[in-house]
Structure formats: C-alpha cells, structure tokens
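> Okay, here's what each chain looks like letter by letter:
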Amino acid sequence: MAGIFVYIVHKGGVPDDSAAELVAAAKAIDASAFPAAVVTGSGAELDSVCDSLCGSYREVWKIANEALAYPNAELIRKVLVAVLPQDAIVLVPHQHFGVDLSPGLSVKLNSPFVSDAVGIEGRDGNILKLVRQEFGGQISAHVHCDVSWGAVINVRPGAFKPLEAQPANGNVLDKSSQVGALNCGRRYLQTIAAEAGDVDISKEPVLVSVGRGFQEKDNIAIAQELADAMGAAVSCSRPVVDAKWLEKSRQVGSSGQTVKPKVYMACGISGSFQHLAGIKGNPFMVAINKNPKAPIFQVADVGIVDDVLEFLPALTEKIRER
Amino acid sequence: MEILVCVRRVPDTAENEIQLNSAGKDIERDDLVYSINEWDNYAVEEALQIVARVGGNVTVVTVGGEDDEEVLRREMAMGANHGVLLTDAAFEGSDGRGIAAILAAFVKKGKYDLALTGVQAEDGGAQVGGMLAALLDYPFASLVNAIEILDGGKLKICREIEGGNKEMNEIDLPCVLSIQTGINEPRYVGMRGIRQVASVPIPTYGASDLGLNVDTVGATAAKVKREDYFVPPLGKGAEMLRGNREDNIDKLIEMLRAKGGLK
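Line order of the protein sequences matches chains A and B.
Numbered per this note's numbering, the first sequence spans residues 1 to 322.
Numbered per this note's numbering, the second sequence spans residues 1 to 263.
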C-alpha cells in the first residue's frame, strides 16, 4: 500500500499545530500507518523543525535548499514531485499555503485531490471515504476518493485532534540531493504586515460582531449603538470587509484577527470555519441569525432566530432602559 | 491583455436554506436561488478593471448546460466582451480535475495572457484554478487580492495570508490566478444591462470541438465522487431562545449580565 506523507507547515523553526493533527488524520486512513513528515526549508530553522517532529513522526524527510527559505508553493510542488513516490497519499493542511500547493500537486502526481476534508471514515479497498462540508457549512457530504494511484488531501485545520503522544523516536532522512535546480515563474518578494486599526479587537473583552446579515453599510450603526450600550467593541466577518463597510483590522478569522473575548455576539454571521478559527478562549457566544440552518448555531451557547436589523435596535433600547 | 475568466453558476448560500430532500441523498433543489459564484464575480470585475487600464478583452467561460448561460449574460452585462459555454453530455459528472481538463482544452484553443478563477465556489473546492495552471504548465497564485501590471510580461500580485498579512509576489505571464473576495467592488448589474445582451449569441463548444478524449472527463473519469449529502449528528448546539422577541431580549440581557457582557 502507498505510504502516507504529511506536508509540514512551519514558521520560526516551529511546526504548525497541523503537524500533530495530520498524524491523527493519517491514522484515520489506516490505523496501522506511520506517516512520514515532509519538511522543506533551509538553515537552522529547518533543522529545529525536523528535530521537534522526531517526537511524533518515525520518519522525517528533510529537503534543505536556499531557494526554499520562504515557502513558495510553486517551488515546493516541484520538490514534492521529485521526492514523493507517485502513489503517495499526501496530507496537507487546508489553509493559504495548502490552497496554493495542492490542486496543482495532484495534477503533477496524476492523483485525485480532495479539498478541505473535515472527516475520514476509513478505507474500503481502494476507496477512501471522507467527509466534507458544502454551502458554507450548512450541509455535509460523503465523498469517495479512489486512492489506487495515491491522492492529495487537504485537511481542515482543527478537524482532527492530536493523538495522545506516543514518542516516535523518529529519524531525519535528508532528501535534499534528490532536488535539482529550483526556479519557477513566480517569485516571492516580501510580506507586508497587517495594518493596525483604531480599535484592537484582539484585546476587547466583549465583541458585537457584524456579518453579511446587516445588508448595507448604513446598518453598521445599529451594531455600534448596541456596542456602545453594552460597553463593547464592534468586530466583523469577512464579507463586511469585502463590502468595505468596516476596516480590515476589525475582521475576525483566519485571514483577519484572532480574538479572545469573554462574550462574543455573532450578529448576522453564518459561521464559516475561517471565521470561527479566529475566535479563541471559548467565549460565551450568542448567535442571532434569521437562517435557522446557519452553522453558527452549532457552536454558539445561545441562539436566536431573528432579523438582526430588527432585533438589535430593540435589544439596545432595552439595555439603555435598565 | 486578453483575459479569460472561468465562472460558475451556484446556489446562492446567502439566499437559501440548504436542506436534504425527502430521499435524503441530495439537497432540495426545487426552490434554490442561483447566482454567479461570488468569488467569480470579483474575478470578472478585476479583469474588466485591468482591461480598462491596459486595453484588451475579457472572455467569460463556464462548463455546464443551457441554464448556465444566465451567468455568462450577467457577466457580459457587466462588460465582459465574450461569453462561451462549454457543454457536452460527456462533461456531466466531472470532478474538479475533469472541469480543469475541459477548461485547459479551451485555453489551448485561444491565446490568453491571463486566466482568472474565483478562489472557491459554494462547495469549498478551491481547486480548479490550481489544476488548470498545472495542466497548462502556467505559474499559479491563489488568494490574490491585488494585481499590478508590470512591464516585460509580468504582474506584481498580493496574496492574502494569515492574520491579514500580505504576501507580495512577482509572476510571469501567462499565468492563472485565483481571486479572493474584496479585491475590488464589483459593479452593479441592472435588468436593463442584462436585456441589452439578451440576444448576443453565446458560442458553445463540446468535447470534439475541444479535441478532448471523453474518457478523461465526466463521471467515468472522476476519481472523486460525492456519494450523498447528509446532516451530521448535531452536537450540543446552542440553547435556542424560542419566545417572542420581547421575551428573548429579556432572557438574553439576563445571560449577558451573568457572563459579564454588560458594562
């Protein structure tokens, strides 16, 4: 059977949380499997990542190259095609790097691709059974993937809990020499840090968070009035920033800020996993949404099916009257 | 610049409650409201803005059937110069790879400097752009939220990465980019605009027109298949307040006070 490989995302010499989660995902494919970690990079940072992975992986494949100092998916795809067996099952965390790397990798390995898997229900011969979510998480789907010729599977961060640590005493195998000269048609220039906003939502204990349900920019005032009455700050989900109703610095989610409030009021927010990924510390979460199927109701503590544009002004008035 | 934008007609998640149908295998499709995939609409707007700056043409293409013409016309009403429908019984049941193969065959028939897709569609696939690039051996970048045209057949692009940070790259043309929402403000399309393009002919291409081997696309070639839709066993879920609005507000205020949510 084809081996299972986990692509390791790392930063500052430390593996991403997904490195441990994807061991659990590999075990869900095959309980007897020992996946190998594949790590690309350069210098001391790469060595430090490889060392720490030896605690959870038996085999750590290291590919060191100056050109890989920054993770450019266009280069790393070539590296992986050069070093991986063609029938490899490759697991990659589904975030901004995995979205860049994996679809093209599957084409170059001539294997099928499954995007954003949230569950793995095991194997039946050559058929791997997975679970995905569609329509913004409103409904789930069973997906069957023929893995006879391997597969590339992007796994949602946080979908698998790391297993109890079983010391793996892994070995680092240096595969750097299998990679030839590296160049591609896309060159990394620099990273520009996010601009700080007028309010630092990551430090606010109470957030009134605004979603698409507000329908237009003028309605944001409704949330601000509630926030003022509560002594809270206003944050938002991605569509609100896309529509230019609020600044990017107010956005909660994997492509925005990570917040740790005591109380989080999700108002007209459906609750995509990218949004929820930005909420830490298990706050008391209130969800108000007119769609009873909105996934936010699965994770909130308290839910109200109502139109935020009518409910919130009434709530504000009642709080002011106290 | 000749720009191709790959678009798709999808059930609009914002407008629909998605539920299982009575057979329990598929979603209830009877009353779904369809629209252009939101990410694709930003991609078309971006293409129009590029062409407004440097000249050229925008072609919108989709893989599907007659019903999908409406999104092509909508994007033509926005300003796209041409719409093309790739349609064939052999295309039905294609997985992401199959769709990418069909689009790649179409790209090879023309001469495009730039191909755009949306980052993803309502099924969260986020796959066709990257596959298309790999099939064409073009450079690819995903999650693009700014594009600047450079001299010498290159673009400077910005990718959205974690924490609101921006990853700047230079990329050679021709290339494929997947466009993130928020890159621009897509223009409004009124009924009048749609009426004006209502009778513009939309050429169609099938497998033989594209020189495609039908064994490489459609349901038989698909290695990834959706077996069914289902509603997962619900966790604890939220405690739903089911009273009238007044009662719900009173209860919520009590809870917020207890949890330190009120000053």
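Derived from the structure by calculation, the hints contain no laboratory data.
Check before you lean on any hint, since a few could be wrong.
What the hints assert, rightly or not - Not close to chain A: a few residues of chain B, all C-beta gaps over 12 Å, as computed: (1) Asn16; (2) Val54; (3) Gly56; (4) Thr87; (5) Lys108; (6) Lys109; (7) Gln120; (8) Gly125; (9) Ile149; (10) Ile161; (11) Thr181; (12) Ile194; (13) Ser208; (14) Lys225.
Unchecked claim - Straight line, CA to CA, 25 Å or less: simulated SDA-like cross-link-like pairs of lysine to any residue: (15) A:Lys280 / B:Val200; (16) B:Lys111 / B:Val200; (17) B:Lys251 / A:Arg322.
We put the CB at the ideal spot given by N, CA and C, even for glycine.
> All hints, please: hold or fail.
How the hints compare with the structure:
no.	hint	in the structure
1	Asn16	violated (8 Å)
2	Val54	holds (20 Å)
3	Gly56	holds (20 Å)
4	Thr87	holds (23 Å)
5	Lys108	holds (15 Å)
6	Lys109	holds (19 Å)
7	Gln120	violated (8 Å)
8	Gly125	violated (5 Å)
9	Ile149	holds (16 Å)
10	Ile161	violated (5 Å)
11	Thr181	violated (4 Å)
12	Ile194	holds (22 Å)
13	Ser208	holds (23 Å)
14	Lys225	violated (5 Å)
15	A:Lys280 / B:Val200	violated (52 Å)
16	B:Lys111 / B:Val200	holds (22 Å)
17	B:Lys251 / A:Arg322	holds (14 Å)
Of the numbered hints given earlier, the model fails hints 1, 7, 8, 10, 11, 14, 15; all others are met.
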